[in-house]
Every structure is written in structure tokens, then in C-alpha cells.
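Assemble chain Z with the ligands onto chain V, guided by the hints.
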Amino acid sequence: MRYAAAIAARRASSAALSPSADRDPSCDCEPCAARAAHGAGVGLNRRNFLFSGVAACGGLLIGVGVPGRARATGGTYRITAWVSVGTDETVTILSGSQEMGQGIYSALAQIVAEELRVDWPQVQVGPAPLAAVFDNPLLGAQTTAGSSSVRGYFSALLEAGAIARQMLIEAGAAAMGVKPKACVAAGGKVVVKATGQSVTFGSVAAAASQLKPPKKATLYSNSGFVLVGQPVPRPELPAKVNGTAVYGSDVVVPGMLYGAVLLCPTRGGTVATMGPAPSGSQAVNLGTGIAAVANAGPNGTTWTAMQAVKQVKVTWSLPADAAQQTSKIILSEAETLLVSGNAIVAETVGDVASAQAGAAKVLTLTYILPYVPHTTLETPNCTARVTARTCEIWASTQAPAGAQAVAASITGLKPQAITVNCMQMGGGLGRKLEQDFVAYAVIASKALGVPVQLVFPREQDFTQDQYRPMAVCRVTVGLDKSGRIVSWDFRNVSPSILYQRGYIVDGQLDDQATEGATGLPYALPNRLMDWVRHPATVPVGFWRSVGNSINAFACESAVDEAALASRTDPLAYRQGLLAGNARALAVLNQAAALGGWGVTRQGYANGLAYHEQFGTLAAVVVTITETSGVIQVLNVACAVDCGMVVNPDTAAQQIEGGIVQGLTSALWSQILFKNGIAQTSNFDNYRMMRMADMPTVEVSLLQTPGAPLGGLGEVGVPCMAPALANAWAKLTGKRLRTLPLFPKG
Amino acid sequence: MASLTVNGQTYQIQSDPSTPVLWLIRDVIGLKGTKYGCGISVCGACTILVGGTPQRSCQITMADINGAPVTTIEGLSADSSHPLQQAWIAHQVPQCGFCQSGQILRATQLIANGKIPSDADINVTMNNICVCGTYTRMRAAIHSAAGG
Ligand code: FES
Ligand code: FES
Numbered sequence: 001m002r003y004a005a006a007i008a009a010r011r012a013s014s015a016a017l018s019p020s021a022d023r024d025p026s027c028d029c030e031p032c033a034a035r036a037a038h039g040a041g042v043g044l045n046r047r048n049f050l051f052s053g054v055a056a057c058g059g060l061l062i063g064v065g066v067p068g069r070a071r072a073t074g075g076t077y078r079i080t081a082w083v084s085v086g087t088d089e090t091v092t093i094l095s096g097s098q099e100m101g102q103g104i105y106s107a108l109a110q111i112v113a114e115e116l117r118v119d120w121p122q123v124q125v126g127p128a129p130l131a132a133v134f135d136n137p138l139l140g141a142q143t144t145a146g147s148s149s150v151r152g153y154f155s156a157l158l159e160a161g162a163i164a165r166q167m168l169i170e171a172g173a174a175a176m177g178v179k180p181k182a183c184v185a186a187g188g189k190v191v192v193k194a195t196g197q198s199v200t201f202g203s204v205a206a207a208a209s210q211l212k213p214p215k216k217a218t219l220y221s222n223s224g225f226v227l228v229g230q231p232v233p234r235p236e237l238p239a240k241v242n243g244t245a246v247y248g249s250d251v252v253v254p255g256m257l258y259g260a261v262l263l264c265p266t267r268g269g270t271v272a273t274m275g276p277a278p279s280g281s282q283a284v285n286l287g288t289g290i291a292a293v294a295n296a297g298p299n300g301t302t303w304t305a306m307q308a309v310k311q312v313k314v315t316w317s318l319p320a321d322a323a324q325q326t327s328k329i330i331l332s333e334a335e336t337l338l339v340s341g342n343a344i345v346a347e348t349v350g351d352v353a354s355a356q357a358g359a360a361k362v363l364t365l366t367y368i369l370p371y372v373p374h375t376t377l378e379t380p381n382c383t384a385r386v387t388a389r390t391c392e393i394w395a396s397t398q399a400p401a402g403a404q405a406v407a408a409s410i411t412g413l414k415p416q417a418i419t420v421n422c423m424q425m426g427g428g429l430g431r432k433l434e435q436d437f438v439a440y441a442v443i444a445s446k447a448l449g450v451p452v453q454l455v456f457p458r459e460q461d462f463t464q465d466q467y468r469p470m471a472v473c474r475v476t477v478g479l480d481k482s483g484r485i486v487s488w489d490f491r492n493v494s495p496s497i498l499y500q501r502g503y504i505v506d507g508q509l510d511d512q513a514t515e516g517a518t519g520l521p522y523a524l525p526n527r528l529m530d531w532v533r534h535p536a537t538v539p540v541g542f543w544r545s546v547g548n549s550i551n552a553f554a555c556e557s558a559v560d561e562a563a564l565a566s567r568t569d570p571l572a573y574r575q576g577l578l579a580g581n582a583r584a585l586a587v588l589n590q591a592a593a594l595g596g597w598g599v600t601r602q603g604y605a606n607g608l609a610y611h612e613q614f615g616t617l618a619a620v621v622v623t624i625t626e627t628s629g630v631i632q633v634l635n636v637a638c639a640v641d642c643g644m645v646v647n648p649d650t651a652a653q654q655i656e657g658g659i660v661q662g663l664t665s666a667l668w669s670q671i672l673f674k675n676g677i678a679q680t681s682n683f684d685n686y687r688m689m690r691m692a693d694m695p696t697v698e699v700s701l702l703q704t705p706g707a708p709l710g711g712l713g714e715v716g717v718p719c720m721a722p723a724l725a726n727a728w729a730k731l732t733g734k735r736l737r738t739l740p741l742f743p744k745g
Numbered sequence: 001m002a003s004l005t006v007n008g009q010t011y012q013i014q015s016d017p018s019t020p021v022l023w024l025i026r027d028v029i030g031l032k033g034t035k036y037g038c039g040i041s042v043c044g045a046c047t048i049l050v051g052g053t054p055q056r057s058c059q060i061t062m063a064d065i066n067g068a069p070v071t072t073i074e075g076l077s078a079d080s081s082h083p084l085q086q087a088w089i090a091h092q093v094p095q096c097g098f099c100q101s102g103q104i105l106r107a108t109q110l111i112a113n114g115k116i117p118s119d120a121d122i123n124v125t126m127n128n129i130c131v132c133g134t135y136t137r138m139r140a141a142i143h144s145a146a147g148g
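Line order of the protein sequences matches chains V and Z. Each residue of the first sequence is one higher than the last, beginning at 1 in my numbering. Each residue of the second sequence is one higher than the last, beginning at 1 in my numbering.
Chain Z on its own, in the form it takes in the complex:
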């Protein structure tokens, strides 16, 4: 049995070790904010933070995580108070919202440690798909969350 720490809570996992972390989070632990979009590490809907770094969870296993703590969208803040969550609301970013957990977690990297990202930084880092096309608002929200 292996243990997986998600949002500060440790779970004993008995599932097949080849199960991608996405499905452990969604179907075993029951946190549904992390989404399935492609299963092949291309769309970014399944993005989580592993030891604080954004990673796509649909193609990584417990072994890849190697005990590092995982943060999902549910654990980003207790009360939606993370600057990105606040900026996302202020700019009314989401449409269907299905990509947004992944987008927000992806964006954490851009503003970590007081960084002020440029548009070019945003272009490089924010490479998750949003079918609804909320890119312009995400860009604006990232800038305002960064205080830039």
C-alpha cells in the first residue's frame, strides 16, 4: 500500500500502481475539481501541483510523484482567496469552467515568489487548452493577480 498526500491529507492507496494520479484523485479520493480532458498529457485539464510545481496528472503515477505532496484546485486556498482565484472572478474568466482548475494551477507558476510575468511568459507557460476561448481574460487576470 502506498500513501498519497493531497491538500494536506494523506490517503492510503490500494489501487493498481499503474493508475494515473488523475484517477486516484478523482475516483478513489473523490476530489472532482481536477478534470479529464485528453488522457495523453496534451490539454492540461488535469493539472495539479506536485511539490508546488504544475504537472499534468493523467500520465503520472504514484511512483512518479514519489511521495511529494499534491495540491489540487480544492486545496489552493480554503476560501477561494488565492490571488489567482480572486482575479479570475474579478475578470469573470470562466465560461464552461471545465479547463479552469488546470489553468489556475498552471498560472500559479507565473506569479510564484512575487514574479511579475510578461505577456511572453504567459504565452509560454499557459499552454493548456480552453475550448471556450477565455485566453484574453486569463491573460488579464494573471496580470492583475501579479499586481502588474
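So that you can see chain V by itself, here it is in the shape it has in the complex:
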């Protein structure tokens, strides 16, 4: 498997891909394929998916204008791969990124519509089919990850819109008997500049679709944006308030049977023996677990399958290291590795050792983080229809090409024979980059010879996740007499997402583990950042913001501790560390102003954190209070600068959502393991933010004209844990260096 596209997203701006990462699966038998799929994550084989002969995606087209808009009989004409125009003036724009809640259907379509010059209510959006033309240029794949959609597609989509518009103008000009140069596009029409005479796009769509696309795109937006920057409404929301939105788990395929999975409770285990299914259902061996599929009829429901799967007698082959996969043991191993492990240097600047030797004071600060699950509200699921010649998949997936590759390896079919229908996701969060759920549905459909919809019961989602890695981070900070940081030594010990997938070998750096701890914006003249790989085999994966949310907790807690040790206000301290960095200071100061920094009130405290990731700057100020030891978060103020904002409303939504996920995970989230078995299995023993827990939230979006575009999907998360810990320390005098901050809820 080639390097994961998500990783490419994260690395695109800095490091080159390592050629040694290529790895071909050697065995295609079903259990092996399933295991490979499980480990493969977002891995995908470009050789397998460059071919673009896949029919149109099955996802619904969604428009802002009128829900369920009746289509005119005249038809729809494909102008370019990205743009089709209907004789009813509907303009269909395809999205290369998948909609999982982040509002990407509006952001990407807005960029195309900007150059097309159509009115937003004319626009409908749907998922692009799997084809190279739709690859995110930043990733080289059609994967939705790494806060990369707008950054990756921006220029390509401006050009795509302009090319389609030029073709419509050419057709419209011909229809009106004038030269294209005499015309402009506006409001979905081709308009003769001199006379105002016009024809609609719909009326010339058929003719435009016959034209050759121009070689060169002429961008209207060179003289300023019209639609980009506007808070246009999300096209897919009407369907989300009336129950008509179709998620992966809502797909109904003729003849389809409902199924549920039950995987080996001990991670890494496999099926040794499988007994018969209870009457009314069939059982399938998935290698790492089993599925039960309910027979057709009045009891042919997901629920029947969920009950049946628990009644199948299974014996398991357990991995030899199962007993080691216990949270306490994993943590103590990490503490040993912190001292004696083989550390790989990610970044070194100046001379840390001698600076530390000359420091007036040295703080040694150790932070501990647990495994954290994704818990997307829609549990992983996939529908597959495998025949001798074809395989069709309906999946809520962040990585459709990966799904295709996995299905190809299980079925032995060529990728061209495999259609992936990209369904909207009831949350992605990194969980739906994985291909385990796709593999299981394909195996089940192939085994039973019927279309199967396989769902993870919530208990399986919790216990069979690929978690945010646990970590132990130690920050050793040397301060001079005046309290300035003279040395900064940051070590992260954590299991490696990349190593577990075979993307790196022992001794190589996992830069997913170190992101957010290198390239810090602070003036740290002598600094060292290194990483020790923890060999724990509990599966780890990409969790919204990945290494950033781990390292920002350690980094921003440590900066606060250094500020307190030098009796300096944490805001002033950071201002000093960011001196001369106008953009960073603007973000920091905006959050401070918004969050009421410096306003002291008895019984209340503020906490601050600053973090940069994906080219975006973010600062958070939280306000908290406490009643008999229980924290109450009253307000969160967040300032963000991602360069330019395409849709301020969806941008704010992403930050708001990231804040909530950051709060839940910082305050309460962890999964503990005992002998390889996850100890939490549903929301009844896993606390999440609910309405009554909610602080007020204020988001301020700053823009820096001309700055490179930054990502937004993940940046709300990382500042939350350190801001809360910093506020708690200020309020109570107690420094919490272990997440979750309040494990008892």
C-alpha cells in the first residue's frame, strides 16, 4: 500500500514522501485482506485508482433552492467534469471532498460558482465519482482528511469554474451572433456587454457541452471575489432537517439483507472456530470477527442481526501479547521509554544541553494522555453488492479510493469493476478514513451472494476503534534569571500510527506523532524535539488534529507553567515569545480581548492557549469556575486566522464543533484497556458534552490577505485541553498534567 493520502496532506507542505513506504499486500485470502484493510487505514494504491472508468457516484444531488426541485424534462448537460447545467437552469457542481458535517459542499461549490457566475440558489452539489480528475491536488487522492479540502482544491476549482463559464459564453455568444469577447457571464446568464442582451446558461448548455474546453482559464476573481467570502447557506441542510438526507446506513439496495459485526474483543485476535447462526440469520467469518446477517422477511432487520451476532458461538485465537495490552502496563512502559527509549530527533535548533546547563531554573514537566475514541454518531457501516463480475459499494467514507482498493483485493476484481458510491457521513473525525467496515461488508456480500448492509453496533464502534494514541510527553524547560526560556527539550513517547500500518520501519520518525511539537512559532533559540516509539499494539489511528491535540496539551501547558514560574502573566509571556510576529500576536490578542483576559473575578479564572496547525493560527481563552471540585466551563473565546475564509459561517461551525470535541476529550475522554479489551463500550459510561454542559462560545475569524490558505476542520480542537488545564491551575492552584482532566466525569 502506498502512503496514506491523509498523511500526504499533512506533509505536503514540508517533507517529501518516503519511497520506502510502498508495500504490497502479499496475501489476498479473505481474513488476510480484512486484516490488511483494517491496518491499511487510508492507504490506497494509486495504480489501482487512477483509472477513471467508474460510473457516476450514487450520492444524491443536493440544492439550496427548492427541496426536491422537479427536474425539467429537457435534461442536463455536462459542460466539464465538474460542472453540469440543466435546461431548468440548475447548475450541478461536483465535490471531490466528502461531506461529513464540515460544510464542504458549500465551500468547494462556492469556489466553482465564483468563476461560473451563477446565483447560489441555482447550485446543487453532489459527490464526484472516483476519478483522477477529482483528486485533491494537495493529496494526490480523492480523500477527505488533513483539513486540506479548501487549501487543496482552491486554485483548481477557480479554474474549473472559469473553463465551464468560458464554454457557456462561447455557446451563448454564438447563439446571439456576437463574439465571445463581447460577452460576460453574470447571474447564470451570458450577457452582451454593449446591449445587455442575454441568454441563460440553461438555454445554451447543450451547445456548450459540445465545445472543446479552452486551454487557458481566465479568472474573473483576479479582480476580486464575489461569492467566495460570503456565508452562503449549506446546500445539504434542508435534507438534514426533514429526514431525507441519505447517509451510508440509510441506503436500501434491492434484495439487501441487514447485518451486524462482532469482532474479537481482544484486539489483535482472530476467529478460531465459529458455530452456526441462530435460526433466521446467517453467520459469516470475517477473520478478525464475525457478522450475522438477518434473513429477509418481517424480522429482516438490523436489530435481528445485532441480536443474532451475539448468539453465534465463537472461540478466538488471542494474540500472544494480549496481557501486555493493559493501560497500566502500557503507561509504565511509556515511562520507562521516556528515560531509556531510542529517541528519534524530529527537530533540533541551537544547543539545548549547554543552554540548559546554564539555566537559572529547570522545570521538568511530564504530561500523560490516554487513548481516545472517535465516536462518530453514525457508527461505521457499509453496504456492498458483490457479483461474479462486479462489486458496488455504498459507504460513508473519507477515502473512497481506499474502499475501492480494499474491495479489489477481497473480490479479486479489477478496480474498474468496483463502483464506490460516496454517501454523506454522520461524522468522519478520521474514523471513516479506515477501511475495516468496507472490507467486512464486501466479505459478507461475497460469502452470501446477496447485497449486505453491515453495521457496527455502538459497542463495536467503541471497542474496535483505531484510537488517538496514548502518549507521555516530557517538556524540560530551562529559564534564565529573568524567566525567559533559554532551553526547550520536548520528548514525546507514543505508539505510532504509521508504524502500525507499515508505512515506516523501526528507527524512522512518525511525523504524525510529532506534529504540533516541531516548528513552534515561539522564540526558542535552543530547542530539541524528539520522539520514542511505543510498541503497544492497541490499534491507533487518525483522530481529528492527530498529533496536534496531543502535543499542544504538553506544549501550551508547559509554556503556562514557565510563565507562572517566572511570575509573568501567561498572555504577556506568550506575547514575548511571539514578539515581532504580527499575525500571531493579532490572533493571540484577539482571543484575549474576546475572552476577557485580565478581568479578575473572585471564583473565576481564565486559561489561554495558542497553537498553529495546517497553516492556521488559533488562540483560545476559556473562562471557568468550580463548585465543590467540579469544573464548569462558562465561556470559550477563539480567534483563528486561516489566511482567507471561503465561507465564514461554515468556518465558524467547524471551530465551534472542534471546541466541543476538544472540551469532551479534555475533560472526560479515555478508553482503558485490560488484556487487549477496551473497557468502555457505549455512551452510558462515556461522558460527552451535552447542552447543559455548554459554555457560551465566541469565534472570531481573522484574515490575512495574501497569506497561504490554512486548514480549518481540525484547528478548533488542540487548544482546548491546555486552556482548560491552565485555567484550572489558576483557579485552584492545582496543575493537572494528565488527560482526561476529570476522569470521573
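All clues stand as given, with none of them false.
Derived, one-sided and incomplete: chain V residues facing chain Z with beta-carbon distance under 10 Å:
#1 Y247
#2 N299
#3 P457
#4 Q653
#5 G657
#6 L663
#7 V697
To list a few chain V residues with every Cβ distance to chain Z over 10 Å, as calculated:
#8 A182
#9 T200
#10 T273
#11 K310
#12 K313
#13 E347
#14 G507
If you want the footprint, here are the derived chain V segments under chain Z, 3+ residues with CB under 8 Å:
#15 100-108
#16 375-389
#17 683-692
If you're looking for bench data, these hints aren't it; they were derived computationally from the structure. Computed from a predicted structure; not experimentally measured. Positions of the beta carbon are idealized from the N, C-alpha and C atoms, including for glycine.
Chain Z with the ligands in isolation, oriented as in the chain V frame:
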């Protein structure tokens, strides 16, 4: 055979009587707007109205409903015109949207009979999980749907 009335239509149900209403609605009747989130009556994704009152449908059976009419998100209005649906759009509440059928149905209780809910009322009643974290917007949308 028992009958189940959903959104004004009556269905004859032959399924095992222990089947939770959630799955009758989703997999037998085929209305997919009601969602599965936890199956243990904790998340609220499966919320429906039973005789006008919000209930979590993943742990109730036909017997629990006892013939009362059920309304799902598809039946809340014919054309998305319910004040909550309108407010949800005006405030651009949903992100992934998976919890939103349940959230909207849950919120109906707050504005029923012209009630104007306080923030405290909203805190108590709106206890469904939204993993995407749309709480602030839901609160604002409920206030505007109530005209408050
Ligand atoms: S699915 Fe019923 S409460 Fe969660
Ligand atoms: S909108 Fe995604 S869970 Fe609520």
C-alpha cells in the same frame, strides 16, 4: 399481527414483538430519518414523537406504544415548514446532521402550545448527544422558533 401508525399511515407489522420501534420504523417501514446512535436510550438519535411526546425509540416496543400514533422527522411537516425546521435552517444548525432528527423532535416539546423556553428549560430538555457540537446554534434556533 399488530398495527403501527406512523405519520398518519397505518402499517401491519408481523415482526417479532420484541423488536424496538426504531428498527420497525427504519428497516420494516423504511423511514430512514430516525437514526441509530447507541441502542441503549442514552444518545437520543432515535427520538420520535409518541402521541406527540418525544421518546427514544431504540428501547421501546409496539406494546409500549400501545397504539399511540407515532410521528417521525419525515412527518413533522409536509414541506419542512415546521418552525423548528425553519429555525434550524436559518441558524444553519446541522453539521453532519445525524443527530438532528432527534434533536428537532426533542425540541418540539419546548415550544409546544406557544411556550417560550428559557435557557434553563433548554438545558434540561435538550439532552441528546450531538457529537459535532451544534449546541450553541440549536439553543439560538429554539429561541427563535419560539419567537423569544
Ligand atoms: S439510539 Fe436510541 S437513544 Fe441512542
Ligand atoms: S450534527 Fe453531527 S452529531 Fe449532531
